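Chemist: Residue numbers (numbering that gives the first Met the number 0), protein chains in the order written: chain A, 0 to 502; chain B, 0 to 500; chain C, 0 to 322; chain D, 0 to 125.
Simulated from the structure, these hints should not be mistaken for laboratory data.
Quantities reported herein were computed from a predicted structural model and do not represent experimental measurements.
Built from N, CA and C at the ideal position, the CB exists for glycine as well.
Be aware that one or more of the hints could be misleading.
Covered by chain D, according to a simulated footprint, are these stretches of chain C (three or more residues, beta-carbon under 8 Å) [claimed, not checked]:
1. 107–113
2. 124–132
3. 149–155
Single-letter residue listing:
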Amino acid sequence: MAFVQNLPFICILLSLFTGPLSSILSGKMTKKLNLVMITAVGIMSAMVLAFTVKSGEAYTYMMGHFPAPWGNEIRVGVLEALLATVFSVIMLLCIVGGSKEREEELESTKQNLYYIMANLLFCSLLALIYTNDIFTAYVFVEINTISACGLIMIRQNGRTIEASMRYMIMSLLGSGLLLLGICFLYDLTGHLLMSNIKEQVQILAATGEYQIPLLVCITLMTVGLAIKSALYPFHTWLPDAYGYSTMSSSAILSSLVSKGYIILLIKIYYRVIGIDVIRASKITNVLFVFGLVGMVMGSVNAIKENNIRRMIAYSSVAQIGYIYMGLGLGSEIGVIASVFHILSHAASKALLFVAASGITRASGKNKDFASLTGAGFRNRLAGIAFTIGSLSMVGFPTFAGFISKFWFAQAAFENANHTKTMLALIVLIISTVLNALYFMKTVIRIYTPAPALAKEKNYQNITVRGQAPKSFAMICFVAMNFMLGMCSDPIMKLIQSGLEMFG
Amino acid sequence: MGIWILLPIILPIVTGMYLLISSFLKHLKSTESELKTADGSLKPVVLLTLIVSVAAAFYASWTGDKSITLFYLMKDIPICFKVDAVAALFVTVVSIVWLLVGFYAFPYMSHEGEEKRYFGFYLVVYGVLMGLNFSGNLVTLYLFYELMTVTSMPMVLHNGSREAIMAALKYLFYSMCGAYMALFGIFVLNKYCDTLAFVAGGSLNTVLAQGNETIILIAVMAMLIGFGVKAGMLPLHAWLPAAHPVAPAPASAVLSSIIVKGGVLAIVRVVYYVVGADVIRGTWVQYAWLILSLLTVFMGSMLAYREPVFKKRLAYSTVSQVSYILFGLAVLTPAGITGALLHVVFHAFIKCTLFLTAGIFIFQCGKSRVDELEGIGKCMPKTLWCYTFAALALIGIPPASGFISKWYLAQGAFDSQIGILGWGGIVVLLLSALLTAGYLLPITMKGFFTEKKTEELEFEKGEPPMAMLMPLMILAFLAMILGVLPSGMIDYAAQIAATIL
Amino acid sequence: MSRKLSNNEYQKTRGFRFRQWFDGTKDPYLGEVEMKPVRDLSTATQITSEKKSDKKMFLELVYDMKHNTQVKLFRRLYNAFAVLFCLLLVAMLLAAVSNLPLIGVADKPVNNEVSQRYIENGLQETGSVNIVTGMILDYRAFDTLGESHVLFAATCTVLILLRVDKKGRKDKIAEQAMNDRLKEPKNDKVLQGVAKILVPPIIIFGVYVILFGHLGPGGGFSGGAIIGAGLILYLEAFGFAKTERFFKESTYKKTSLGALTCYCLCKSYSFYTGANHIHSIIPLGTPGMILSSGLILILNICVGIVVAGTMYTFYAMFRKGGY
Amino acid sequence: MMNLTNLLANYGEAAAMILFGIGFTNLLLQNNLIKKIIGLNIMDTAVYLFLALKGYIAGRQAPIVVDGVQSVEAYINPIPSGLVLTGIVVSVSVSALMLSLTIRLYRRYHTLNFDEITTMIKKEEK
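So that you can see chain A by itself, here it is in the shape it has in the complex (with noise of 0.2 Å):
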């Protein structure tokens, strides 16, 4: 067995170990062990991606000295490796992105509980992303929620307190019944590893043994990483637990943690219950039709918002409908469309993020549209990085929105059902129309001069020099969308190939 093959198992120890091993360093001796670890982390990711395409089969890694059924197990294919790639590229980047803001907003005291918080987020999405038993998968979404929280009101006032006790009820109903619903498939199949369960739930399937339990545990599952993640209905703490804990925390929450749990649904659909058994179940109509209303209402509310970081929370609520919509077209190409999407939301999302605060901070850290007029003449770096990260967003060819806007036309035009091809693209469109109306009236804000505002309001002029950090992280935000919306086709074959050695 080839020494790369232990890499993914190394990345979640060495993250996991980081956790504790920052509670006893000072704030500043954190940073750096963190940021150290997640480069480590995405350089030994990037090697297990290398070693997968070239042998182009996933293989699974014992967690002890039992075989399969017995012990635990992870599981290594392409699309875990570059998940988990592009996953601590930009956790780095947001990590360095919103230092300034952690050294002004956050006490000197818990500096170092706050990368004690990342560690631990990083090391259970690894885990997510790798993992082949279901159980383990519940323990570290736990974990997930707790560190999300720590990370979301870290940063302590009382919109962040009251959002992460929103945060906090959603996410445990939603664990509830993840839970519930794992107990229910352990007894029916009376495995908790996915490839044994799968088994078990094929020969069910045929036999016609213990359907309605199935499909309960099949709706519970679903349900409870819906919640989590913030579909429409469910998304009512996510605007306020964005919009004010510090900003390296809202980019992390919208562009990966939200991300976590859909990978962890893809997952559960392709390795655990079946794809096929899933499309029979018709659970993926109700995932598409909360996707669409989610993409519709996301934007509305983001149209309504003047704060501009709740703004852009509001449009990830949308973004998260188109993902759950390309889930719901049950097709293959729907899903490979999600995927990709959720790499390009989160190119662009946290480059929003940081473009945004680098907005505001030269706007006297005001949110509100009325004081960010002309912003990006006064923080130059940041207007671009938040006009091409609009128009990714808005789908603007040469930018990873449109790519991924036109993978879910074409797998909406895969579909059979023509009602549902013809709704996708006509809420695709609507919600395009949205999100432009919204981003564009941003962008001419802050493009439009105020130069008498900016003196009386005595806001700073900010040079690219004056944020080195945020300008790196910025620089890299914005190459990444270039690049997922110029050379998307091999990307797009390593998601094509990885679904296929998913299952």
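Given chain A, work out where chains B, C and D should sit, using these hints.
Modeler: The following block gives chains B, C and D in isolation, referenced to the frame of chain A:
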């Protein structure tokens, strides 16, 4: 060889970007006095770039067909450019107008301020338009169409006043709506066409299309309406009268003479080069399109007739005139297409002239309402004569150019099998021609023949500087002369029509 | 701006914080000052009036169903929806349960080769007499690893929320903490007497439960909880002053760090060797002896330390936001 | 659909499900934060009850090897017990987190009613 196409696209964009960035840097040390001061290096840079790229554009478009593929945006969807007859026609018109208006704009913008930003965007938009005209497939076209919207918007909100911003938002939102309806169409066609590249006569895959006619027709209709936004077609025309008056005169001149033609070009490409005319002939789509365009023609003229503000009146007349073109395209007959293409050229020159005249009126004596212009001919006769020629051409009085194109439009309406709509169309065209006379000529009348004595008129300045008058005269002259000896152009347009039908 | 410093620099200074705390400005957007500042008696009346106004506001916005129709409508809808949802859920679950395999019978999918191997070879493979311990600490150790980190994460969140930083803002809770200290120890003879008798056996029992986790019922979690309970009882009886002689935050951090590190290292060793099919050098020992079953004993001790520390930390934090 | 004899036989699981519903409803409907947390705990407990019943087999011992008997017939299924152990730890940490959040909210807004807290926050906005 194909590399020549890139020059007129890249060069202006790069130069414009340079200008923008430098003006941007200037903005940072934002003391008003510094912003006001213009620097001498601007004019030579802009003119040099314009001339070089125009020359390159001519060279690229008139030395045989060529094509170039930049890179693949997605699997089998390249970003590629291609020269063909239509592209050559549009490129020529755009280049001439852009160059002349560029000359005109220098004195004008000197009192609007922010020249660097304005000319930066002016150049960028020129490059983008070149890309639009040369684009070789639908996705490239869409890309440059969006770019055109985004980059031409700052010219609208040049003086960042509140109504300017509102108008720009309106413009942006309408165009984006249209673009996304078109995008929907692109998604559909990508499924049912062999290729999104432009093939004369269309490349619809009949096997795939079997049984999906409805969705294809819906898609085509969506694209017609979507691209029709730029061309000011009926349901989504409202941005035009809002955006033109607030923009500075040179900007509104190019907006209504060139940018709107971008929509026309897109429609030509979609209908005749991707879908194919036969697909929509005789379907509800054609009739809907005809009816919409005719309604727009009539309504535009009516509104223009009632409009007191000069530039707004011209904007409404643009709405109606561009729909002449759309009508010509919609009848799907060679004569109709010929007329439409001719009208594209003529209307570009004419409407440019009219807007520049309006600009001169504002520039010299700050008069923007029609009723204030009484007796203007006494103090600036040359300008008013140019205006009058252009007006006559637009109305279509022989031998002026407008007559030719309208003649062909009418002929196209005759020999198309659209029954009553053909006749109705001709009636509407004549009616709207009368209205055109009704809303353009009074200015000439009042301008020259007024009861007031010369000393009663309160126009502080006389004729504008030569740099503004010259382009005006050239354009007016073009508008007339093309009507006097049109044979070359008619053959060219007829040839295009023959190839694409 | 009359001051020398620019606005941003000034906002970083202590003086600015102090002033903000002093006049009690708090801005939900900036959120520098979180707690309500200490108010002296002169402002008490104003506070009460504020309270009154709040009550009035609640009456209008929350409770007044008659006038505030939209609240009423929303509440009605929400409740109806929620109840409906829950009833639906319960009905669904019952329907599912009614089709599940029966309780207590041996032949159902749950009792398959997995549990069989755990029971039949567990003793030999893990060396642990207590099969459950063997399972969670050796067969499925990855879950348990995650689990102990769940505890750790929870502790950190509680620290984030409730820890009062001495050198940080000194505000209301700090005050409360002070008073709390002054009151202690509440010389409650009975409590102290009982504690004197009970605490040592409790802690010893906890240690026993941990150490015999692999031989009988018990294990790290339960034992740790017991030790934590003992510590809490001691704290209640003798107060923080005495407790801090041997248990500070640093103690918690160091012990839990040590425990988790040890845990991670052991597990990564066994994972690594297991995955690469290297024979693990850890002897399993003879089952039934206390020093047996390889790593399980060590892991139990680690878990026990973590859990005990966590329990005590929770209590101390809730009690007065510090050790 | 509803197999009643089975349901009666599985009375324990049915009870667990009803408990789960109760907890869920509490978490959803109660305005008082403490009651919400209690609801959460009820929910978790219901799941543990369910799991414990999964493992139970009539007339068998707890899975601790007594004098060397290692036949499957002797002991109940150990897996659910382990899962319950994990679940308990998770719920302990989560409720600790929720409680500390509650404490903070109470210190700041002097009330436990979630609606009141939200209205207070709205007031702060103004």
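Chemist: Could you run down the list of hints and mark each one as holding or not?
Modeler: Each hint tested on the structure:
no., hint, result
1, 107–113, "holds (count 3)"
2, 124–132, "holds (count 4)"
3, 149–155, "holds (count 5)"
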